[in-house]
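If you read the protein sequences in the order shown, they are chains A and B.
No gaps in the numbering here: position 261 of the first sequence is 260 in numbering that gives the first Met the number 0, and each next residue is one more.
No gaps in the numbering here: position 152 of the second sequence is 151 in numbering that gives the first Met the number 0, and each next residue is one more.
It is worth saying that the hints were derived from the structure and are not from the lab.
Being a predicted model, the structure only gives us computed values, none of them experimental.
Warning: the hint list may mix true and false statements.
Copies of one chain are not kept apart here, so a pair can be met inside one copy or by any two copies together.
Stated by the list, open to error - Distance condition first, Cα-Cα at most 25 Å in a straight line; then the derived BS3-like pairs of lysine-lysine:
#	residue 1	residue 2
1	K197	K318
2	K3	K86
3	K208	K328
4	K186	K141
In case you want the letters, here they are:
2 protein chains.
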Amino acid sequence: MNEKYEKLIPHLNKMMALETALILLQWDTETLAPVEALENTAKAVGLLSGEYFDAMVNDDIKNLLHELSKPENFDVLEFNEQKIVKKLNKQLKEMECIPPEEYKAYSELTAKSAAIWAAAKEKNCFADYAPTLEEIVSYNKKFASYRNDENKALYDILLDDFEEGIDMKQLDEFFAKLRTAIVPLLKQVVAKNDSIDKSYNSLSYDIEKQKEFCKYIAEYLGFDFKRGVIAESAHPFTTNLHNKDVRITTHYYKNNLESSIFSTIHEGGHAIYEMNIDDSLTQTPVGHGSSMGVHESQSRFFENIIGRSKDFWAPLWDKLTTTFPEQLKNVSLDQFILSINKAEPDFIRTEADELTYSLHIMIRYEIEKLLISGQIEVSDLPRIWNEKYEEYLGVVPPTDTLGVLQDVHWSHGTFGYFPSYALGNAIASQIYAFIQTKIDFSECLREGNLKPIVDLLREHIHKYGATKNTNELLLEMTGESFNADYYVDYLIDKYTKLYQL
Amino acid sequence: MNEKYEKLIPHLNKMMALETALILLQWDTETLAPVEALENTAKAVGLLSGEYFDAMVNDDIKNLLHELSKPENFDVLEFNEQKIVKKLNKQLKEMECIPPEEYKAYSELTAKSAAIWAAAKEKNCFADYAPTLEEIVSYNKKFASYRNDENKALYDILLDDFEEGIDMKQLDEFFAKLRTAIVPLLKQVVAKNDSIDKSYNSLSYDIEKQKEFCKYIAEYLGFDFKRGVIAESAHPFTTNLHNKDVRITTHYYKNNLESSIFSTIHEGGHAIYEMNIDDSLTQTPVGHGSSMGVHESQSRFFENIIGRSKDFWAPLWDKLTTTFPEQLKNVSLDQFILSINKAEPDFIRTEADELTYSLHIMIRYEIEKLLISGQIEVSDLPRIWNEKYEEYLGVVPPTDTLGVLQDVHWSHGTFGYFPSYALGNAIASQIYAFIQTKIDFSECLREGNLKPIVDLLREHIHKYGATKNTNELLLEMTGESFNADYYVDYLIDKYTKLYQL
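Chain A extracted, bound-state conformation (with noise of 0.2 Å):
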């Protein structure tokens, strides 16, 4: 190893471990810790946090990446290395302009605010939430407006975070685009959904039952329980220690069958993503997934383009009705498969189907660019989001449970994630459109046989790790850099097919 890049591994090692231990804190905390443990461990989170500011923002780590960074260290380099080099050098830039008290006390902040954000949901009450959230949102202002040299809008600065290179104005540009397909679309279906009858799905589903088939369904796309687990939690999510510890949470419902599927299935797909990282990038700064859009596409990949398709449950529809046998007895696998592919406008982002669920996603996109610029406040939130619903899906939530209140993101200060939903879609279907010049990708689902699919993704995506940016990957995979029309163009083809219009 390089002599001068050997003097930061020291430094990557203790930031990896304060990493670890703060992921699986908040994993703790949203699955399992009691209720009053909160105030006491998240003044525990506040002090690792800043022990990870410390270990990455202090004069050894700058110097060691200022000399790295010149031409003559940088070129020697392994591209492993210069890729690790690269990430640092933006996250120094990010943290360091940020005062480490600051820092401390924002992550002391959200380590506590999914759960007041969850009891506010469950009593269906934002102002219980609205205080948190505003500081949140303005720490989260503040802390964008100190790495504002370039004098950019703040919600452009945020975008960047989570899919470098991309903002407003080609999210406006895609979302508009977006609008135009789905929306005359989207009027055609629901015309024709009287005949599509859902009523099996609110049945009475065992809970146990529930959680066998679920992990049946995990393994058999591939999530291996030998390094990964799935648990509980109100909201669905994925976090990982490293490729060998990745966990998946999901949440059952007596009365929705599709829905601890589906959440399973989603958040298998970034699972297996994590688990197929090369060994030798875990526990390093890029052992992780690339930017949250390919995230996202690798899980809506696996919920929709897998997940949602008869191939894939041809199968497996013994295994579901044997499972479930006097709920399923009237229904046909046909009847199932345009069942879990209703499109319906409806309230519910994450219950949503693959023809509204951007138009959830665009509601966000839009509120999101008002309250990071302050045309907004959060006070208004709750009319803002029940005034956009109506304006765009047709719908008002009668809830703030089942409206603004419905989403964890905001309460881990996570503003600008949003739009990676749609771009992971978008990008889940251009490696779709690539797959399929290189395999039967039916007959593999009909089959039964989805390594061929895994291999693919974890050959020409999931192995890079944050190696390379979501350009890269497309471009070296598919030979052409990130196009929307790709998932226009399936959406039209599935909806038209599926709904004989």
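The hints should help you fit chain B onto chain A, whose structure is shown.
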């Protein structure tokens, strides 16, 4: 707050935060983490332990403690502050003689070793575990020798870590007293065992129902689920992040009703202790239970003195028999009480009755003495173990799984801990004698009202955390320092009545 003491606070906070992370990582490894996670996670644990070491052993801390220990400074500190300074001085003395690299390597080793032990136990293969155990023993001897400035026996140094001031001389006397009392009593008891039918205990008990019942009983004892969690692990244990996050584990066996119930009550006793520690102490170096002996006194008090009494079960009997009506239909409360107190030499410590329990401990104590003094090697353990079981209990474990591999402790590097269990039994008996002079113990239990009992424990023991040692607590509570006669009297009285000797 004292100005000089105030400078210590950031150091205390850093240690607390790192300790919280390390405790959570250990909890997670033993309860949830996927099997292949171990190697990578141990790397993070090793690094965090190194950070903890650096946070404790450095010139800032040394100088601060040196200053604060001067009489003119020490005497003006508050009670808790004095205890914290004393505790840190002791900890610093223990740690500063260990080279940081050895400390880190040892932490990394013990982060993995419990899983290696568990796998070897599962396979009944001591040889798989032996190399790891050899390393652990060697580190423990080395670490003890580093701080052996008075040329003591190494095992005396280890004993002092768990019970300040106790040494082999006192333990030899203690165990001799127990042996003299227990061995003849056990002989009388075993002679009358034929009439006790325990067969109901190995019928089939639904795991979910066991879980429900154990949860019920934990709450009944005073375990607060807003501040605690019950999970599952191979070997039941208690851990805590602070007084509002206390966690116990148990293990459910389909064909053993008593196992999960009594391990829940036992660990519940540890947990209630930690939950009752004063808010002003939690997250400080004296914010956990006093000595290991005092901790075990609480778990054994709940398990045996409360949990195996007829008065305790009288108001619970209906609940138990309606939970398992088929299995218990021919069992009376009196039969049940005799059965859960049946004394019989057997292989497994954790399943042992009150009478043989301390003999199991005596065996471990004698083996540890030999091992740490170098009179035997790790490779001798299976043989010596079986010889001692034959000598003291008249039984020879048929496998190492049921013999030398049964306990997790050595894999954690805890040598000198086992005697605490026997001391705990004795301390519990002394406390019991005191409590009976204050309240009508039997009546409280019969009325299902444990509050007066737990209140006395909290007020005299729990709330003080580690600010008082065993003898201080006993002296202030009972007016007498440690006296093992109470234990002997308790056992003779209990078994004479129960077995009508």
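Hint by hint, here is what the structure shows:
In this assembly of identical chains, K197 and K318 lie within 25 Å of each other by CA distance solely inside one copy; the values are 20 Å within and 42 Å between copies. For the homomeric pair K3 and K86, the shortest alpha-carbon distance inside one copy (17 Å) is at most 25 Å, but the shortest distance between copies (42 Å) is not. Taking the shortest alpha-carbon separations for K208 and K328, only the intra-copy value of 16 Å comes in at or below 25 Å, while the best inter-copy value is 30 Å. Within a single copy, K186 and K141 get their C-alpha atoms no closer than 42 Å, and across copies no closer than 77 Å, so neither meets the 25 Å cut-off.
Going down the numbered hints, you'll see the structure goes against just number 4.
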